[in-house]
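Dock chain B against chain A, hints included.
Protein sequences appear in the order of chains A and B. Each residue of the first sequence is one higher than the one before, counting from 1 in this note's numbering. Each residue of the second sequence is one higher than the one before, counting from 1001 in this note's numbering.
Any given hint could be a false lead.
[As the list claims (entries may be wrong)] Computed beta-carbon distance windows for the label pairs:
{"no.": "1", "chain 1": "B", "residue 1": "Gly-1311", "chain 2": "A", "residue 2": "Ser-127", "range": "53 to 63 Å"}
{"no.": "2", "chain 1": "A", "residue 1": "Ser-109", "chain 2": "B", "residue 2": "Pro-1073", "range": "29 to 39 Å"}
{"no.": "3", "chain 1": "B", "residue 1": "Asp-1336", "chain 2": "A", "residue 2": "Pro-264", "range": "25 to 35 Å"}
{"no.": "4", "chain 1": "B", "residue 1": "Phe-1344", "chain 2": "A", "residue 2": "Ile-3", "range": "30 to 40 Å"}
{"no.": "5", "chain 1": "B", "residue 1": "Gly-1341", "chain 2": "A", "residue 2": "Thr-294", "range": "43 to 53 Å"}
{"no.": "6", "chain 1": "A", "residue 1": "Gly-101", "chain 2": "B", "residue 2": "Lys-1103", "range": "24 to 34 Å"}
{"no.": "7", "chain 1": "A", "residue 1": "Arg-288", "chain 2": "B", "residue 2": "Leu-1340", "range": "54 to 64 Å"}
{"no.": "8", "chain 1": "A", "residue 1": "Pro-301", "chain 2": "B", "residue 2": "Asp-1059", "range": "47 to 57 Å"}
{"no.": "9", "chain 1": "B", "residue 1": "Leu-1340", "chain 2": "A", "residue 2": "Ile-147", "range": "42 to 52 Å"}
{"no.": "10", "chain 1": "A", "residue 1": "Pro-301", "chain 2": "B", "residue 2": "Glu-1071", "range": "36 to 46 Å"}
[Claimed, not checked] Short, incomplete list of chain B residues facing chain A, as computed with Cβ under 7 Å:
{"no.": "11", "residue": "Phe-1040"}
{"no.": "12", "residue": "Ala-1198"}
{"no.": "13", "residue": "Asp-1199"}
{"no.": "14", "residue": "Lys-1202"}
{"no.": "15", "residue": "Ala-1203"}
{"no.": "16", "residue": "Lys-1241"}
In case anyone wonders, no lab produced these hints; they're calculated from the structure. Only a predicted model underlies this, so the values are computations on that prediction, with no experimental measurement involved. Glycine included, every Cβ here is placed at the ideal spot set by N, Cα and C.
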Amino acid sequence: MDITVNILLTIATAATPLLIAAIGELVVERSGVLNLGVEGMMIMGAVGGFGAGYLTGSPWIGLIAAIVIGALFSLLFAIMTLSLATNQVATGLSLTLLGLGLSGMMGTSFVGLPGERLPNLNIPGLSSIPIVGKLLFGQDPIFYISIALTIAVTWFLFRTRTGLTLRSIGDSHTSAHALGIKVIRYRYLAVLFGGACAGLAGGHLSLVYTPQWVENMSAGRGWIALALVVFASWRPWRVLAGAYIFGAVWIGQLHAQAFGIPVPSQLLSSLPYLATVVVLVLISRNKRLTMMNTPASLGQPFVPDR
Amino acid sequence: MKKLLIALMTTTAALSLAATAEAADKLKACWVYVGPIGDFGYSYQHDQGRLEAQKALGDKIETAYLENVSEGPDAERAFERLAREGCKIIFGTSFGFMDAEVKVAKKFPKVMFEHATGFKTGDNLGVYNARFYEGRYVLGQIAAKESKSGVAGYIVSFPIPEVVMGINSFMLGAQSINPNFKAKIVWVNSWFDPGKEADAAKALFDQGADIIVQHTDSTAALQVAEERKLHGFGQSSDMIKFAPNAQLTSLTDEWGPYYISRIQAALDGTWKPDNVWLGIKDGAVKLAPYTNMPDDVKAMAEATEKKIAGGWNPFTGPVAKQDGTPWLKDGEVADDGTLLGMNFYVKGIDDKLPQ
Chain A
1 MDITVNILLT IATAATPLLI AAIGELVVER SGVLNLGVEG MMIMGAVGGF GAGYLTGSPW
61 IGLIAAIVIG ALFSLLFAIM TLSLATNQVA TGLSLTLLGL GLSGMMGTSF VGLPGERLPN
121 LNIPGLSSIP IVGKLLFGQD PIFYISIALT IAVTWFLFRT RTGLTLRSIG DSHTSAHALG
181 IKVIRYRYLA VLFGGACAGL AGGHLSLVYT PQWVENMSAG RGWIALALVV FASWRPWRVL
241 AGAYIFGAVW IGQLHAQAFG IPVPSQLLSS LPYLATVVVL VLISRNKRLT MMNTPASLGQ
301 PFVPDR
Chain B
1001 MKKLLIALMT TTAALSLAAT AEAADKLKAC WVYVGPIGDF GYSYQHDQGR LEAQKALGDK
1061 IETAYLENVS EGPDAERAFE RLAREGCKII FGTSFGFMDA EVKVAKKFPK VMFEHATGFK
1121 TGDNLGVYNA RFYEGRYVLG QIAAKESKSG VAGYIVSFPI PEVVMGINSF MLGAQSINPN
1181 FKAKIVWVNS WFDPGKEADA AKALFDQGAD IIVQHTDSTA ALQVAEERKL HGFGQSSDMI
1241 KFAPNAQLTS LTDEWGPYYI SRIQAALDGT WKPDNVWLGI KDGAVKLAPY TNMPDDVKAM
1301 AEATEKKIAG GWNPFTGPVA KQDGTPWLKD GEVADDGTLL GMNFYVKGID DKLPQ
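Next comes chain A alone, as it looks inside the complex:
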């Protein structure tokens, strides 16, 4: 039984940063903006979170710093693409490149230092219940944030007026603008939210997953998060499903290898990607529904006519 619990815990840790970054990007894309800078914002969050946690000795301050730095970094993207109407794809890519380089420079003095780990939740009594105790009440705080975020974003997008407005901007910014909606303002907030989420995901890497700072430690997770959003056809719960399938297949293949199952490891390593794509394609088979969920003005720059 212990091994099952351990496996589930490992899966949750692997899925959490993907889920958080993808949920953030989902809101950004729902507003009609494509920010390919997730990887860059994530790594900035990782270095910022580690740095602040290390210097103050408090991983909680690190966590907040990760969120703030992710948001600040995305502000750069927002100013470029929203106020100056630059190409979103090119700006997003350069944000990633800038983030990878800048974080390496900022983190030079943190290399080789053990960091502060965010403590796991520990509720006396509840956390020590066999099996479910550890799973439900004994994980790291960011895990709970990630689940809460998924619920909150679903509610916000589909149950609130502001969420409806945001989606309408994503579908047609010109119509929204004609209705008097402040398109740019909404998009600024969405991009900042996406940045904060990516930063938090980065903070998870350097404060929970592997409490250390090394250059490039996000290792492509930002790109996986981006892909998850598309394959999940912009639906929050599918993003969650995708992140967990990805995590589960990845951890599963590690166990298969350790167990000695004679399948080529290269094939096993590619399984998480394949499985996630296949499952998400299957659940979004309904073409009409997918079309409905795709933000129609995704990636198009918007310049108000006056």
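Chain B in isolation, oriented as in the chain A frame:
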């Protein structure tokens, strides 16, 4: 915006010119790294070597480096740029730089080139490598002594000879203590992804391994060992700070002495391309202080280290291949060529080698 950019560009150009002008009377030694120097692993250790050389040779030399250079056309540009900028001796530190370096070395016959872990040499191109497998034999012995379950978890990157050689040497060491010792091998297909390495360590521990060995670069696996109150070995650099209660020792690369001797030779005008494979006896492969183990295990490890430094090769027969066919006869020592191209396991390994 535009003005600002132009201003910036002019400043950078002026700065780099200043740097070259100043360098005129010193010997310029340059490095090309495949990873970031902030990886706290392979490239980091090479850079530590550079810093040692700079410190030892002081104002007689000037050093420069390019990091994060990917293998392929980029590498060629990197070498060429350094050669044009006045580097007199250039060290390329990754196997994949080989062809690029060979090409550029032909173009700049007056520049001295050195390539780590490769096998192509030229009139002005030497190669150097380190016998990491020597250290891995010691790790195997320690693992077999310290493990209660008799199973080690081994996290590996890619099935290249260097890595296979390491697994084999580790297992030979372990089997010399406990003939039934097992290793569970997990390929993560990446040199560097802390998250993946941590996940692999967790999976291996969950499946009953109680000691972790790695041929990947980050400290993540050791941190997991620390959390689970189990043990493991560091890689490339001393990782004791990350796992004060878990690290038994760490297999570290010390390039400094080699770099110093080569640059000194260049200064003296005695530099000639060579082909060296340095080991424990040369100080290029080092084991970090033995910690978290009883004195008798420590004494055993030190004795083995001494034996290897004295010239004994861990790949000394009798050794059989995985399928039981004999490979080395009693007392026969594996030749370097076979080791450098190693693509098979020795007996007692349960994994199937990916091809």
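Here is what the structure says about each hint:
{"no.": "1", "hint": "Gly-1311(B) with Ser-127(A): 53 to 63 Å", "in the structure": "holds (56 Å)"}
{"no.": "2", "hint": "Ser-109(A) with Pro-1073(B): 29 to 39 Å", "in the structure": "holds (33 Å)"}
{"no.": "3", "hint": "Asp-1336(B) with Pro-264(A): 25 to 35 Å", "in the structure": "holds (29 Å)"}
{"no.": "4", "hint": "Phe-1344(B) with Ile-3(A): 30 to 40 Å", "in the structure": "holds (32 Å)"}
{"no.": "5", "hint": "Gly-1341(B) with Thr-294(A): 43 to 53 Å", "in the structure": "holds (52 Å)"}
{"no.": "6", "hint": "Gly-101(A) with Lys-1103(B): 24 to 34 Å", "in the structure": "holds (28 Å)"}
{"no.": "7", "hint": "Arg-288(A) with Leu-1340(B): 54 to 64 Å", "in the structure": "holds (60 Å)"}
{"no.": "8", "hint": "Pro-301(A) with Asp-1059(B): 47 to 57 Å", "in the structure": "holds (54 Å)"}
{"no.": "9", "hint": "Leu-1340(B) with Ile-147(A): 42 to 52 Å", "in the structure": "holds (51 Å)"}
{"no.": "10", "hint": "Pro-301(A) with Glu-1071(B): 36 to 46 Å", "in the structure": "holds (37 Å)"}
{"no.": "11", "hint": "Phe-1040", "in the structure": "holds (5 Å)"}
{"no.": "12", "hint": "Ala-1198", "in the structure": "holds (5 Å)"}
{"no.": "13", "hint": "Asp-1199", "in the structure": "holds (6 Å)"}
{"no.": "14", "hint": "Lys-1202", "in the structure": "holds (5 Å)"}
{"no.": "15", "hint": "Ala-1203", "in the structure": "holds (4 Å)"}
{"no.": "16", "hint": "Lys-1241", "in the structure": "holds (5 Å)"}
The structure is consistent with each of the numbered hints, conforming to all of them.
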